Amino acid sequence: MEILVLLVILMIVGAIIAVETSNLLSSIVCVGAVGFLLSIAFLFLGAPDIAITQLVVEIICLIILIRATISRDLTAVSGDREFFGLTVTLAVVLAVAVAGILCLADFPEFGKSVMDRIADPPTASSQYLATGLEQTGAANIVTAVLLDFRAYDTLGEATVLFCSILGALAILRKKARRRTEEETEGDA
Amino acid sequence: MNDLSTTEGMSLIVKTVTRWLKAFILLFGIYIVLYGHLTPGGGFAGGVIVACSFILLNLAYGQRQGMKAVSLNVAGEMDSVGALIFLAVALSGMFVAGSFFANFIETGEAARFKLLSAGLIPVSNIGIGLKVGMSLFLVFTILSAMHVAVSGSERKMIRRGEE
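Chains as they are written, first to last, in the working numbering: chain A, 66 to 253; chain B, -3 to 159.
Isolated chain A, as found in the complex:
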């Protein structure tokens, strides 16, 4: 419990540094640190599946951010902030924080699982926990839910990924790139 609070405080510090620092590379490193701390927090909360996924996705994100962003753009940010934009952002953050605190009043205690609380009367999630092994034969209950009870959701998720890759390939493919290069040469 104490270690979770410590992890959350470290994550908040990392996020603030990521926003405030002027060097883009340090900013990305701080974002990565927040992600890795979140992965450790998942481990302490007893969710190794999500911890593994968070870890590997964070690594991929860091590689793509550094490789695709840093080497292309200017790596240092300078200049003052706009007053109007900053005020609006702070107001929105404040509103979301107040709403979040109001919602948190109805949540179970930090670090306790939701499923313990709603086991009586029996709900769908408690039924999955009780009969998951007999019904699916999968020892890992997370996989049993993802690929058997809720496989339709996973199909939708896979479709979203497929469509996004299709769009990225269509926009960034080699032919379009060659044409823009020829056009810029012609203009010059």
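Hints were generated in silico from the structure; no laboratory data involved.
Fair warning: this is a prediction, and the values are worked out from it, not measured in the lab.
Please note that a few of the clues may not be correct.
[Unchecked claim] Covered by chain B, according to a simulated footprint, are these stretches of chain A (three or more residues, beta-carbon under 8 Å):
1. 111 to 118
2. 122 to 132
3. 200 to 212
4. 219 to 226
[To be verified] Each computed SDA-like pair below joins lysine to any residue, with the alpha-carbon atoms no more than 25 Å apart:
5. B:LYS18 with B:GLN59
6. B:LYS64 with A:LEU234
7. B:LYS110 with A:ARG215
8. B:LYS64 with A:ILE131
9. B:LYS64 with A:ILE236
10. B:LYS110 with A:THR196
11. B:LYS18 with B:ARG60
12. B:LYS64 with A:LEU237
13. B:LYS110 with A:ALA112
14. B:LYS110 with A:ASP114
[Claimed, not checked] Chain B stretches covered by chain A per the calculated footprint, using a threshold of three residues with CB under 8 Å from any CB of chain A:
15. 25 to 33
16. 125 to 138
No residue lacks a Cβ here, since even glycine has one placed at the ideal position from N, Cα and C.
Knowing the structure of chain A, use the given hints to seat chain B on it.
Chain B in isolation, oriented as in the chain A frame:
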């Protein structure tokens, strides 16, 4: 692939370490995918680790050498094959057992906690692993290939506007 003398990519040390590590990272990814129904992990996490091994090859040996392992076309085809495997699992449930995603293979209690258990779940895991791995590899390749082609002219145009 094992040509250490190319000037592309990173230093000799990184190339040598990559040559030793690439197979283990790939193997770990495949293990996470195949044992997804028994241990923590699954298709998504394992697929990302598989993508990591190919990305490591690309980073260490440079784009041209790395592309020899998995080219853009092969990655795109494997991506589609993974999606089709998952869809085939869904449709086979409909045709054999009468409902979408029905897990119609009964393995019984004796097979529990073994690799060949849980019916169609391992097959779905393999499909999702292929899909996610190749998709993320494609994303990385597209974005890093973009940066090589655009860098020169784009940057000049931005600076001209600022002046």
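Evaluation of the provided hints:
Taking a C-beta to C-beta cut-off of 8 Å, the segment 111 to 118 of chain A contributes 5 residues in contact with chain B, enough for the three needed, and the coverage statement holds. Counting residues of the segment 122 to 132 of chain A whose beta-carbon sits less than 8 Å from any beta-carbon of chain B gives 6, enough to reach three: the coverage restraint holds. Under a criterion of three residues with beta carbons nearer than 8 Å to beta carbons of chain B, the stated coverage of the segment 200 to 212 of chain A is upheld, 10 such residues being counted. Counting residues of the segment 219 to 226 of chain A whose C-beta sits closer than 8 Å to any C-beta of chain B gives 5, which meets the bar of three, so the coverage hint holds.
This hinted pair checks out: LYS18 of chain B and GLN59 of chain B have alpha carbons roughly 16 Å apart, not beyond 25 Å. In summary, the hint linking LYS64 of chain B to LEU234 of chain A is supported, as the alpha carbons are separated by about 20 Å, within the 25 Å threshold. Restraint check: the Cα-Cα separation between LYS110 of chain B and ARG215 of chain A comes to about 23 Å, which is no more than 25 Å; the hinted pair holds. Annotation: proposed proximity of LYS64 of chain B to ILE131 of chain A holds, straight-line Cα distance about 23 Å (limit 25 Å).
Distance check on the hinted pair: LYS64 of chain B and ILE236 of chain A sit about 24 Å apart at the alpha-carbon level, within 25 Å; holds. A distance of roughly 18 Å separates the Cα atoms of LYS110 of chain B and THR196 of chain A; the hinted pair therefore holds under the 25 Å criterion. Taken as a hint, the LYS18 of chain B and ARG60 of chain B pair is honoured in the structure, with Cα atoms around 17 Å apart against an allowance of 25 Å. Simply put, LYS64 of chain B and LEU237 of chain A have alpha-carbon atoms about 21 Å apart, close enough for the 25 Å limit, and the pair holds.
Distance check on the hinted pair: LYS110 of chain B and ALA112 of chain A sit about 22 Å apart at the alpha-carbon level, within 25 Å; holds. Between LYS110 of chain B and ASP114 of chain A the CA atoms are separated by roughly 19 Å; this keeps the pair inside 25 Å, and the hint holds. Under a criterion of three residues with beta carbons nearer than 8 Å to beta carbons of chain A, the stated coverage of the segment 25 to 33 of chain B is upheld, 3 such residues being counted. A count of 8 residues in the segment 125 to 138 of chain B with a Cβ less than 8 Å from any Cβ of chain A is obtained; the coverage claim is therefore met, three being the minimum.
In this structure, every one of the numbered hints holds.
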